[in-house]
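Here is how the chains run, residue by residue.
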Amino acid sequence: MTNVGSELLQVSALAVSFRKGGEWRSVVRDVNFSVSAGETVAIVGESGSGKSVTSLALTRLLPQDMTKVSGRALFRGQNLFDLTEQQMEKIRGDRISMIFQEPMTSLNPVMTIGAQIAEAIRVHRKVSRAEARAEALAMMDRVRIPSAKSRFDEFPHQFSGGMRQRVMIAAALACKPDLLIADEPTTALDVTIQAQVIELIKELQAETGMGVIFITHDMGVVAEVADRTLVMYHGDVIETGTTAQIFNDPAKTYTRALLAAVPKLGSMNDAAAPVPYPTFNLTTGEMTPPQDRPDTLRPEEPPLLEVEGAIKRFDQRSPVLKRVVSRVHAVENVSLKLRRGETLSIVGESGCGKSTTGRVITGLYDYQSGSVKLNGRELRTIAPAQRAREIQMVFQDPYASLNPRLRVGDAITEPLRIHGLATREEERRIAASLLERVGLKADMVDRFPYEFSGGQRQRICVARALVLKPSVIVADEAVSALDVTMKTQVVNLMLDLQQEMGLGFVFISHDMAVVERISHTVAVMYLGEIVEYGPRAAIFGNPTHPYTQRLLSAVPVPDPARRGLRNAPPVLELNSPIRPRDYKPPVREYRAISPGHFIQVPGPEWS
Amino acid sequence: MKHIFSSPSAILLTILVVGALLAPVLPLHDPLAMDISGRFAGPSASHWFGQDEYGRDVFARLVFALRSAILISGSAAVLSAIIGTAIGVAAGYVRGLSEAFAMRVMDIILCFPPLLLAMLAATLYGAGPQTLVPVLALVFVPSFTRVAHASVMTVRTMDYVDAVRLMGAPTSHILWRTILPGIAGPLFVQFSFVVAMSVVLESGLSYLGLGVLPPEPSLGMMVGAARATFLDEPWLLIAPCLLLTVVIILLNAFCDHLRHLLDPRRSTGN
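Protein chains in written order, with numbering that gives the first Met the number 0: chain R, 0 to 606; chain D, 0 to 269.
This is chain D alone, in the form it adopts within the complex (with noise of 0.2 Å):
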């Protein structure tokens, strides 16, 4: 029997989140004190990544970087699947006009380039998480929307779905317990790819300085931070990129792993 920790990148990646989760309580350094003598220190027993130009934790720094990454990305993912995915449904099983409009509006919100979006909103309100969620949320909406409403489209014309009704089931029953898990394969899937893209888009708006505020860390920030120093100090920016490029990968791993798991049609035994 295949369960979810039986690939790799599950194991990988719950380690990654659950570690950067943790991080407050884990015996990390302080990713905000400043230790100006140790400034682009190399690697060592107490600094296993080394220092970066105030002489902060790198490896500290890292791990608070992953850890509000994951927070802002995931909760604004969740936050998208929930709304977009309750737009979507009804939209395709109530029909009519209200389905017009939904996706009209969904058209709309997928017109504006995602960055500018979030530049605008960060000018009008203040940079910061507040602001970054929200916005992330908004952008990944008609996302979920569209999946979800052409999975409704294909499960609500399935015979089992008029079967259900025949049983005299009520709508809520129907929405829930027949169309939702219908569907569910193909909205995973586009949730952690959503994670995965919320997770790029927000360390690209911290690079702009339009994300999380400094001093606190961001994968985006530090790569900004080290882009000057780059000739001499390689290291402090490659380590981010490639928690980044780790974290994206794992992601879509991950991704195709579950689609495998949320098919009904999957093989029990090999």
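The following block holds chain R by itself, in its conformation from the complex (with noise of 0.2 Å):
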């Protein structure tokens, strides 16, 4: 715990209404919380519940036309809502600082590095260019670049996603701030990345004292970070306590399904098999735990699906004679095997060809060689009529994988029109009675993509999937774009569709803890290569190769009294699988832990 000081911010009956046409909407209601000096004040919920909302009304930053806010903010007892536009300019970024979700999008992408800290400190402080230059090398330094002073003069896309998230703390944290408000910092962040980034943050706050409102949907980050806990939903706050009391009394039921949802390794330690997530009714509040079910992997029929040495580079080719200068080793030597009615989940960090292997399985990649088997036939031999029959893929962004202008009836039976399967009414008929298995309303066939929320969305990319009725179905990322209790229900679904067609589904992941719910079997790639397979209870359990190990002590535990426990792991930027054009990759040796328990014997870069 860090030392709580005075109180830094004190927000009472804060409520903010956004201009809707010619109404105001209410969309955050009487919050009441305060930060002190030292202290982080976590605030959970889903998209939409008025979180961020809530942060960029304190810092003013909402467009002035559309929106109301009432309410108070003292900030070291001036209220931040009596400031003059030129007042808050001072205090904002100076006083109080922001970090963004979105690292990509919130550093500006024609100006270098250094030059953007630098910046941060020229607007409120009045020094030299050398001296503003010197203090971002030590902010630099403070954030852990590594070699700071030769990446000082580069431009943000040369570095990797949680490098630029250090850059933004490093830009917010340029003024010593007294007050740090992070909007879901790590959120687009792999676990071991956010692992750092969450480190880092708690390092500062210990250095400076700053008072900091970290703004999450994620359970176990708030576990990891938080002093104090606010829980809101569809802009009220619901409940608010320590941290501590939060995740072991939670009053309300909505907190109790988010809890529900939240990872927790080892919790499936007895199960065999995937076990979906226990229903809340959110209006009565009872709990349904889930059912007991029998087992879908089904062993002794022939496999779905069998990956042998499969290869995919990537040609990176010289600007003007087109000369292959290097490959991208995306998926390298990688064998898997899929079983009727099996769960695999590939895991691992972004950049390690986990995509790239669901793009070679379904065939949207043509790989080098090797080979993969489809219900027994190899892959490139079927036609791309009859490949869609026995697989099918779900997309990570639910915005992108509808086309916007199709009707949600008309995308989900695009398969059966292209290929000419059925008629106008049957098509509607189809579409109605998956929309109604997927969870969703028979009626909505004649709506757009846009009327629903990333959940829905996901469930009609779902129902598309199965129109074609495949064997094999590949998620790719499919629910982790998703709020935890659209998650928990898409995965519910998954495995009920399992349960009824004994499909078989790769579940390609970075989260281990849904990975952890949902597989039979788990594949951990790093470069494009396996580094460890095998049964679920036997990865988790028993996780031997040293990445493995490293990814899942990443992973936030989800109870506060085990705070800090744990050390994140080192700060390493990824390893590249881009390599020279002659490069021969090693022979990797594989060991067998126990019987199906793999690993790659780990090589001279492990030691």
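Be a bit skeptical, because a hint or two may be false.
The list that follows gives simulated cross-link-like pairs (lysine to any residue, SDA-like), each with its CA atoms no further than 25 Å apart [claimed, not checked]:
id: 1; chain 1: R; residue 1: Lys321; chain 2: D; residue 2: Gly95
id: 2; chain 1: R; residue 1: Lys321; chain 2: D; residue 2: Arg164
id: 3; chain 1: R; residue 1: Lys372; chain 2: D; residue 2: Arg164
id: 4; chain 1: R; residue 1: Lys321; chain 2: D; residue 2: Tyr92
id: 5; chain 1: R; residue 1: Lys19; chain 2: D; residue 2: Asp255
id: 6; chain 1: R; residue 1: Lys468; chain 2: D; residue 2: Arg164
Sample of chain R residues at the chain D side, in silico, Cβ under 8 Å [unchecked claim]:
id: 7; residue: Leu60
id: 8; residue: Gln63
id: 9; residue: Arg386
id: 10; residue: Ser400
id: 11; residue: Arg404
id: 12; residue: Glu413
id: 13; residue: Pro414
id: 14; residue: Leu420
id: 15; residue: Leu439
Derived Cβ-Cβ restraints for the label pairs, each shown as a range [as the list claims (entries may be wrong)]:
id: 16; chain 1: D; residue 1: Thr13; chain 2: R; residue 2: Val109; range: 31 to 39 Å
id: 17; chain 1: D; residue 1: Ile14; chain 2: R; residue 2: Arg416; range: 58 to 66 Å
id: 18; chain 1: D; residue 1: Asn251; chain 2: R; residue 2: Glu285; range: 32 to 40 Å
id: 19; chain 1: D; residue 1: Ile14; chain 2: R; residue 2: His418; range: 56 to 64 Å
Simulated from the structure, these hints should not be mistaken for lab results. We put the CB at the ideal spot given by N, CA and C, even for glycine.
Both chains are given apart, each in its own frame, so use the hints to dock them into the complex.
So, in structure tokens, the structure goes:
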């Protein structure tokens, strides 16, 4: 725990309304909380709960003609809502700083990293260019950007996501603010990077004694950082208390539902098969525990999918002569097997080749060598129309995976139309029944995708994937972009469908907790190669490869009492799978740990 | 629910276009019939907008001029839209060498000032609509190619295109049913923009005597003829200019309206 000092910010009766059309719509109501120096307050909630609006209201960043803010926000005794815009500009970025979710879009792509940090200093301090530069360099060191000096003049696109977020933090903290507002700062990051960023914010807080408002939807992160927690739901603060209270004795059903959906690694140790999440009735507060269900895995039947030594490399060519200068070894000698009724999860950090593997399996990318057999036949020899009936995919971004111009009914039945499999009436009937199957209403067929939330869109995508009755569905980060309760619903839906239809899932994800819930088998990928492969219980219970251990240790522990008992993994930039043209991949050996559980014998880079 | 006539620009534009296209069957004066005794006569009950230097009816000439402007710019825009979009979509979807080739050819066309290109063609092949339409079309092909190419590049990376590919759809389905509707919005906007541009260019060329041949009326030529008598009869100059301005403003307003209509995220209620 950090030392909690004097009161920094006192928010009382904060309310925000937005103007839509001619009406005022209340989006945040009666928010009261305070932040002391050295304290971290978390605001938790789903998208649309008003948590980000609250923070934007405090910093007065909401468009003034479209919003009405009332209440008081005393910052060091001064009401922020009474200040003129000029006075507010002096405070914003200097005394109160913010970091945002998207490290890709919150940095200016045409300014060097160093210049952006220095700019933050020069806006608020009268210092010379050289002094600002020196200070910016010191900040880069403080946020532990390796070899800060040589990277000072690089541009944002040369930095990885985690490193960009460090740059954002450096710019935000350059003026040593009293209060830091962090809006989902780790949501877009890999778990290992997330652990490092959280660790970094905690360290910097201990050094400077600043107060932190941490906005997130991830209860695991809350347990990790927050002294006190506010739970928001549809614009209201429904529960508030110390983090330990909230976790040990949640008063509201919604909070309990949030907590039930939280990753608890090791909570599945005694279950062999995947287990759905418990469901909550938000009006009555009742919890329905998951029912016992037979295992869907049919090991005796012929496998649905067999991948043997698949290789996919992307050539990188020189700009003028178009010669191959290097190659991205995205998928390097990968072998997998998916049996009927099985969920095989592929996990790893971004850039490890898991998505490329998914695209190779579905035939979106061709593979250079090795073999991919779908239902016993080589994938390349299957005509696209036939392949479509055997394997389908659900994509990560529910906003990009539905054609915005197609009504959802037409989107779901598009495969039938392509292959001329149904009349117009049959199509409508099929669309309606599939919509009901995935938990939506049959009369929604005539709506357009923009009328649906992310979770609903993802269900529509699942319905579309089911329409040709495939035997395999590849889900590429299918629940990663969803809110916690949506995530549990989609996962439960997938498990139900597996139960009903004996589907095989290839579940690609970086979210270890969901993976633990949903999988029979887990493959861990690192730089295009599988480093560990085995039954779920073996991977989570006895992670053997150093990379798997590192990955698992980075998952936040949703137990405030156990905070600080583990160390964040050391800061490493993920090595790059880009290799020179003449690179010969080393011959890897695999070692069996237990039946079905293999690891790649760690090379010298792991010692 | 919004529809295409929910904007005044669409209604006014339709009236103008339909009126101009129906000019031959409307009870108008003959735009070519001269009436020397009525030279420079002011507006009257039978000649609403007065008569020009040969005593021809200004109103009828305006309507017929607008008709030829619309026919020429419209067909040039349609022609360039078809060619330009086809090249742009192919280049954006197929990529590779053909893309580089197509886009560089477009760059070369863009290097020529449109007016010079038209003058060259008129000198070589003679002035008149049969030269004007292909020249205008050629001038505007690159704008469609670029818009189509850029939009295809964005749309083709969307997951829903991959989803359609996974459904086993043939390339023709992907191009016609998935990608083309996705890029229709910017293309329609470009289309109305190109129509406006070619109306301006057409009158410019006619003003120089390279477009519509006299005695057929054209806005540019009317401006050119009225120049000499501007001080005495300003109305003869102002009338075609005003019509030109109104048409361009309406086209631009219609562009915006169209873009709004074609945005799938538009709200249906308010």
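- [ ] Tell me, in ascending order, the numbers of any earlier hints that this structure violates.
- [x] Those not satisfied are hints 2, 7, 8, 14, 15, 16, 17, 18, 19.
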